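Those sequence lines, one after another, are chains A and B. Just so you know, we're using the numbering used here here: the first sequence kicks off at 1 and counts up by one. Just so you know, we're using the numbering used here here: the second sequence kicks off at 278 and counts up by one.
Treat the hints with caution; some may be incorrect.
Covered by chain B, per the in silico footprint, the following chain A stretches (three or more residues, Cβ under 8 Å) [stated by the list, open to error]:
#, region
1, 14 to 23
2, 30 to 41
3, 50 to 63
4, 67 to 78
5, 102 to 109
6, 201 to 209
7, 253 to 260
These aren't lab readings, by the way, just hints derived from the structure by calculation. If you're wondering where the values come from, they're calculated on a predicted model, not measured in any experiment. All residues carry an ideal CB built from backbone N, CA and C; glycine is no exception.
Number of protein chains: 2
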Amino acid sequence: MTATELTQRIRQKQSYLCIGLDTDIRKLPSHLLHEPDPVFAFNRAIIDATAEFAVAYKPNIAFYEAMGPRGWESLQKTLDYIPKDCFTIADAKRGDIGNTSGLYARTFFDPSAAGLSFDSVTVAPYMGHDSVLPFLEYPGKWVILLALTSNPGSADFQRQRIHRTGEPVGEQELFDVVLETAQTWATPDQLMFVVGATQADQLARIREIVPDHFLLVPGVGAQGGSLAEVSRVGMNAGVGLLVNASRSILYASSGLDFAQKAADEARRLQQEMATYL
Amino acid sequence: MTATELTQRIRQKQSYLCIGLDTDIRKLPSHLLHEPDPVFAFNRAIIDATAEFAVAYKPNIAFYEAMGPRGWESLQKTLDYIPKDCFTIADAKRGDIGNTSGLYARTFFDPSAAGLSFDSVTVAPYMGHDSVLPFLEYPGKWVILLALTSNPGSADFQRQRIHRTGEPVGEQELFDVVLETAQTWATPDQLMFVVGATQADQLARIREIVPDHFLLVPGVGAQGGSLAEVSRVGMNAGVGLLVNASRSILYASSGLDFAQKAADEARRLQQEMATYL
Numbered sequence: 001m002t003a004t005e006l007t008q009r010i011r012q013k014q015s016y017l018c019i020g021l022d023t024d025i026r027k028l029p030s031h032l033l034h035e036p037d038p039v040f041a042f043n044r045a046i047i048d049a050t051a052e053f054a055v056a057y058k059p060n061i062a063f064y065e066a067m068g069p070r071g072w073e074s075l076q077k078t079l080d081y082i083p084k085d086c087f088t089i090a091d092a093k094r095g096d097i098g099n100t101s102g103l104y105a106r107t108f109f110d111p112s113a114a115g116l117s118f119d120s121v122t123v124a125p126y127m128g129h130d131s132v133l134p135f136l137e138y139p140g141k142w143v144i145l146l147a148l149t150s151n152p153g154s155a156d157f158q159r160q161r162i163h164r165t166g167e168p169v170g171e172q173e174l175f176d177v178v179l180e181t182a183q184t185w186a187t188p189d190q191l192m193f194v195v196g197a198t199q200a201d202q203l204a205r206i207r208e209i210v211p212d213h214f215l216l217v218p219g220v221g222a223q224g225g226s227l228a229e230v231s232r233v234g235m236n237a238g239v240g241l242l243v244n245a246s247r248s249i250l251y252a253s254s255g256l257d258f259a260q261k262a263a264d265e266a267r268r269l270q271q272e273m274a275t276y277l
Numbered sequence: 278m279t280a281t282e283l284t285q286r287i288r289q290k291q292s293y294l295c296i297g298l299d300t301d302i303r304k305l306p307s308h309l310l311h312e313p314d315p316v317f318a319f320n321r322a323i324i325d326a327t328a329e330f331a332v333a334y335k336p337n338i339a340f341y342e343a344m345g346p347r348g349w350e351s352l353q354k355t356l357d358y359i360p361k362d363c364f365t366i367a368d369a370k371r372g373d374i375g376n377t378s379g380l381y382a383r384t385f386f387d388p389s390a391a392g393l394s395f396d397s398v399t400v401a402p403y404m405g406h407d408s409v410l411p412f413l414e415y416p417g418k419w420v421i422l423l424a425l426t427s428n429p430g431s432a433d434f435q436r437q438r439i440h441r442t443g444e445p446v447g448e449q450e451l452f453d454v455v456l457e458t459a460q461t462w463a464t465p466d467q468l469m470f471v472v473g474a475t476q477a478d479q480l481a482r483i484r485e486i487v488p489d490h491f492l493l494v495p496g497v498g499a500q501g502g503s504l505a506e507v508s509r510v511g512m513n514a515g516v517g518l519l520v521n522a523s524r525s526i527l528y529a530s531s532g533l534d535f536a537q538k539a540a541d542e543a544r545r546l547q548q549e550m551a552t553y554l
């Protein structure tokens with residue numbers, strides 16, 4: 001999927017909502033625990049209930065990995081079930097030396113490897129270019145690189161001030177350098193950046209550095225970020241935003257009505273997004 | 278396992294060799310492909326042949342993940358097969374927001390989750406303290422944090438010069454800040470750092486910042502680092518080094534004699550290490 005196609009789908013659905021399938025087996029409604037694959041049964045119901053309001057789905061791989069081999073089977077069934085008009089994100093935050101990142105790329109992009117064919121994968125930047133480039137060798141597949149994350153620990157390293165020769169001291173922070181450097185590695189048709197919604201005060205500056213790239217924005221909802229503020233500052237001519245919500249949708253109810261309540265919350269977000277488009 | 282116990286085992290075996298089980302099904306000797314689980318059959322033979330020369334084994338998770346659910350089964354069997362006197366490292370380079378890192382910690386440390394109970398896991402520092410602390414909640418388990426990696430891309434961000442208020446400009450690089458900050462999170466009984474053998478010119482400086490912590494050093498062998506130089510500069514009173522070799526041992530031969538050739542290479546490294554101890 002190209003950036004232009006993604007923008008078209010956003011305009012058609014009047015939504016830039018990404019739903020995070022952070023499906024924790026310990027939080028599932030109890031009536032699902034009798035299913036042969038409770039995690040997939042939950043995800044299927046969530047997808048059925050929310051697909052008209054979402055343009056993307058993002059399973060966080062940690063939740064599946066923590067269940068061992070059967071978790072990977074639930075992940076595969078979930079990915080296969082997501083409607084083909086939705087953009088899919090493996091939220092894996094991987095990254096290793098070149099030949100090893102190549103294997104992670106195979107895992108998530110090459111269906112003959114682990115049975116998975118996501119549109120994109122999240123990647124951690126710490127190890128630099130050769131840890132990222134192997135993911136970009138798959139035509140039409142995307143890297144979503146961590147830039148400025150939504151958690152408190154983002155202050156520890158991402159916000160460190162960088163001094164580069166010939167530039168004034170303290171003008172740049174590490175995440176600025178990640179944005180500047182990484183955009184030389186790929187076009188806006190293969191590269192997005194993760195920017196937390198709790199970092200909305202930095203979004204204007206980020207938009208100056210990467211005016212054309214899509215941003216994946218987690219942290220609206222349970223983590224406290226503002227959809228209005230993110231949309232006002234982060235949107236560009238091609239929309240350029242995927243805003244993720246996970247827990248506020250998945251666990252809107254723990255009862256028999258969990259899918260209906262999830263649909264209600266997804267619709268509420270979509271309707272708010274429509275007013276910003 | 279405590280740091281003192283690890284040092285004792287190193288002295289007993291006269292080895293600080295870690296063997297990286299980066300088992301690529303595309304590189305296995307062809308006679309193993311008829312086995313029901315070729316990856317496990319290969320690992321078992323490698324472990325049998327090398328256990329007397331190694332103090333640690335480090336499966337890189339990418340290699341198993343790329344095979345889907347059956348890869349996780351091969352990983353579990355491999356971990357169960359590693360002798361109990363060896364230190365085990367899940368080379369996963371994970372890291373996410375707090376509750377999600379907690380799930381990655383469960384995956385690798387809590388056998389009731391994914392059937393795995395590694396002694397340690399490698400973690401990427403970019404997301405900061407709350408992405409690392411959940412791994413430290415397991416008594417006796419270790420975090421091995423990326424500091425200065427062996428690959429060319431380590432120059433992109435890890436070597437950026439940091440400016441901190443009140444300090445001279447350009448004295449510190451990002452990896453220094455990672456080392457300084459992270460050692461406040463855990464004692465040398467729960468925290469090691471990854472320092473690539475190709476970065477031996479930085480090792481003296483790293484030893485000044487973290488005099489007491491173990492360092493996991495990849496990059497000797499196929500990547501070109503020098504065991505002599507790493508040992509000379511990196512060793513501390515408790516030895517403080519685990520030096521990893523992967524491809525040079527695993528793929529020393531692609532024939533029927535692969536295990537014997539792996540043993541020869543592991544013995545050669547162990548004998549060189551004994552001269553430095």
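Quick rundown of the hints versus the structure:
no.: 1; hint: 14 to 23; result: violated (count 1)
no.: 2; hint: 30 to 41; result: violated (count 0)
no.: 3; hint: 50 to 63; result: holds (count 3)
no.: 4; hint: 67 to 78; result: holds (count 8)
no.: 5; hint: 102 to 109; result: holds (count 4)
no.: 6; hint: 201 to 209; result: violated (count 0)
no.: 7; hint: 253 to 260; result: violated (count 0)
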